[in-house]
Amino acid sequence: MQGRLPDIARLIVRSAFHAVPTILVILVANFFLLRLAPGDAADVIAAESGFATDEMMEGLRSRFGLDLPILEQLQNYLGHILRFDLGYSARFNTPVIDLILQRVPGTLILMLSAMAISLMIGIAVGTFQATFAGRWPDRVIAVVTQLFYSLPGFWIGLMLIVFFAVRLRWLPTGGSGPIGVELSGLSGLLIRLKYMVLPATSLALFYVAVYARLTRASVIEAKAQDYVRTARAKGLSQFKVMTGHVLRNALLPVTTLAGIHLGGLLGGAVVIETVYAWPGLGRLAYEAVMARDFSVLLGVLLLSSIVVIAVNLLVDVIQAFIDPRIELK
Amino acid sequence: MIDEARPDASPAIAPTPPAGAQAADPAADPRSGRQSAWRIFLRNPAGVAGLLILLIMAGLALAAPYVYAEGPLAMGAMPFIWPGEGLAYPLGTDALGRDVAAGVAWGARVTMLVGLSATFFGVSAGVIIGAVAGYFGGRADMMLSKLIEFFQTPPSFVLLMVVVAIAQPSVSSIILAIALVTWPTVARLVRAEFRSLREKDFVLAARSLGFGHARIIFGEILPNALPAIIVTASLLVAQSILMESALSFMSLGDPNLVTWGSMIGSGREHLFTAWFLSAVPGVAIVLTVLSLNLIGDGLNDALNPRSE
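Order-wise, the sequence lines are chains A and B. So the mapping is simple: the numbering used here equals the position in the first sequence, first residue as 1, plus 173. So the mapping is simple: the numbering used here equals the position in the second sequence, first residue as 1, plus 5.
Just so you know, these hints were derived from the structure itself, not from any lab. Quick caveat: nothing in here was measured; it's all calculated off a predicted structure. Just so you know, not all the hints are guaranteed correct.
Said to hold, decoys possible - Per the computed footprint, the stretches of chain B lying under chain A, defined by three or more beta-carbons under 8 angstroms from a beta-carbon of chain A, are: (1) 153-160; (2) 240-254; (3) 271-277; (4) 280-291.
We treat Cβ as the ideally placed atom computed from N, Cα and C, and that holds for glycine.
Only chain A is shown next, with the shape it has when bound in the complex:
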């Protein structure tokens, strides 16, 4: 393990370099999408103030550099990005980067808890199915996971609200905490958790199905391997064979897939956040669409892409730690 640390450092540097062209392409695409959007910053400000003469519009355009040749504008845009300046949102009256950074933690918490829930339940269910492969418990669960796989997240979110918040009154209908109450200590944490249960569950259901199916297939394959037969032959208990020999190897493809799904989870979080009024990037994207504020919308696209790249890198590193066979060239 000690000897691997420099290798892992090299892996991080190499992956970061690998990500640079992707980010650059995304930035340029972002710039042109912004140009395609109906109305520029001058239009937005004019609309906010209620009236504008042609001279005022010209003045605004030259102040924002919107009258420059397009390549020069692109250059300015990239220069601003390097200084973490994503522009100013006239609608929200805040710099775009501040708006977005305020919302990143909310989305990350939601995503990561949904991923943790779906991995834990999915792996447990998939392992259970593999133990009963082909028999009725496996078949019944297969139908249930197939159903989970087909549920629109926003719809099951609404239905969970109807059942748990409106009917049973066990959980709040939305938001991330009670309004106007200072939360602290253990009880504060518990209250926060209560607000997270429904959004995280709605987001997780689809991925529970994905991981259950994958784990099932992967465990069935691992069980047929020679080293499992050896482990059984030397008299290890069923449980020890499963945890120590089968699952250790079967779970690698699952963790790889978990990394790939992060982008999807982030996209799913967008919809779930609007259902539960959860203060994250998704809800911000929705508010930006409703306000036709494209600089904020594209900022969300840019930042969520960067989050995906960063988390994928993290998954690579974790895998390199877990599995010594992964080559670090």
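Following the hints, complete the assembly by docking chain B onto the known chain A.
For chain B alone, kept in the frame of chain A given last:
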């Protein structure tokens, strides 16, 4: 993934698409050929159930203009009739007295249209790009793989929202936007298929007979990659329907049309008092998506017997 028995079983000198030739001789390999694949599919109860549900939904979509001739926006009943309360409105009425059943039937048309056309465009683009990358390899492959990677980096739903919001929501912009975010999945799959198939003997035979690249790609390799593409396409229709409904739920759908997603969105305002308004169109989405996923699994078992 692919049924490798087919190209190997036919003599390497005759590079005709083996699918049809093999069907004439089912005794040689009972699992090859289109006919027996269909028979395997029909033996799968889940797949058949999916097909039945899908046929009912398609029938609903086709029947909508005849059964509900006044369209989904016709008002004329009492508002908030619950499902089952009156025989005239089996699925109830909404806040404006519109028939929920009419909305579901008309919404099925939009859903089917968007799901099928978006998949058609996404699969077409993915097949062409994936085929070129996988078949030619080298620099073309490098550049196209970068393009695929670039499109797969941003969360697809965020990209979808951005494109639809900028292009202004309409059925055609939604179809194209969904195709734009789904083609990379197909392209990756097709690229991998082509990379392994281009080394096979029947491709070598076709090349030695002097076939052009286009003929080898579309006439020789593509038919052999088709089973995997068909399975992916059926799952993509389901994904496209989910994306469309989420978009219209978030008021990014075509403003002139009633869709299942928009019905759930407007029903949301009455969630506390009349939750069936959101529940009913959601059940329609779940049934349609479930049927497509069941069909996809059934097709996978029938067309790729070795995948399990």
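Consistency of the hints with the structure:
1. Counting residues of the region 153-160 of chain B whose beta carbon lies closer than 8 angstroms to any beta carbon of chain A gives 6, which reaches the threshold of three, so the coverage claim holds.
2. With 5 residues carrying a beta carbon less than 8 angstroms from a beta carbon of chain A, the region 240-254 of chain B meets the three-residue requirement, and the given coverage holds.
3. Figure legend: the region 271-277 of chain B, annotated as covered by chain A; annotation consistent (3 residues with Cβ-Cβ distances under 8 angstroms, at least 3 required).
4. For the region 280-291 of chain B, the proposed coverage by chain A is satisfied: 6 residues have a C-beta within less than 8 angstroms of a C-beta in that chain, meeting the threshold of three.
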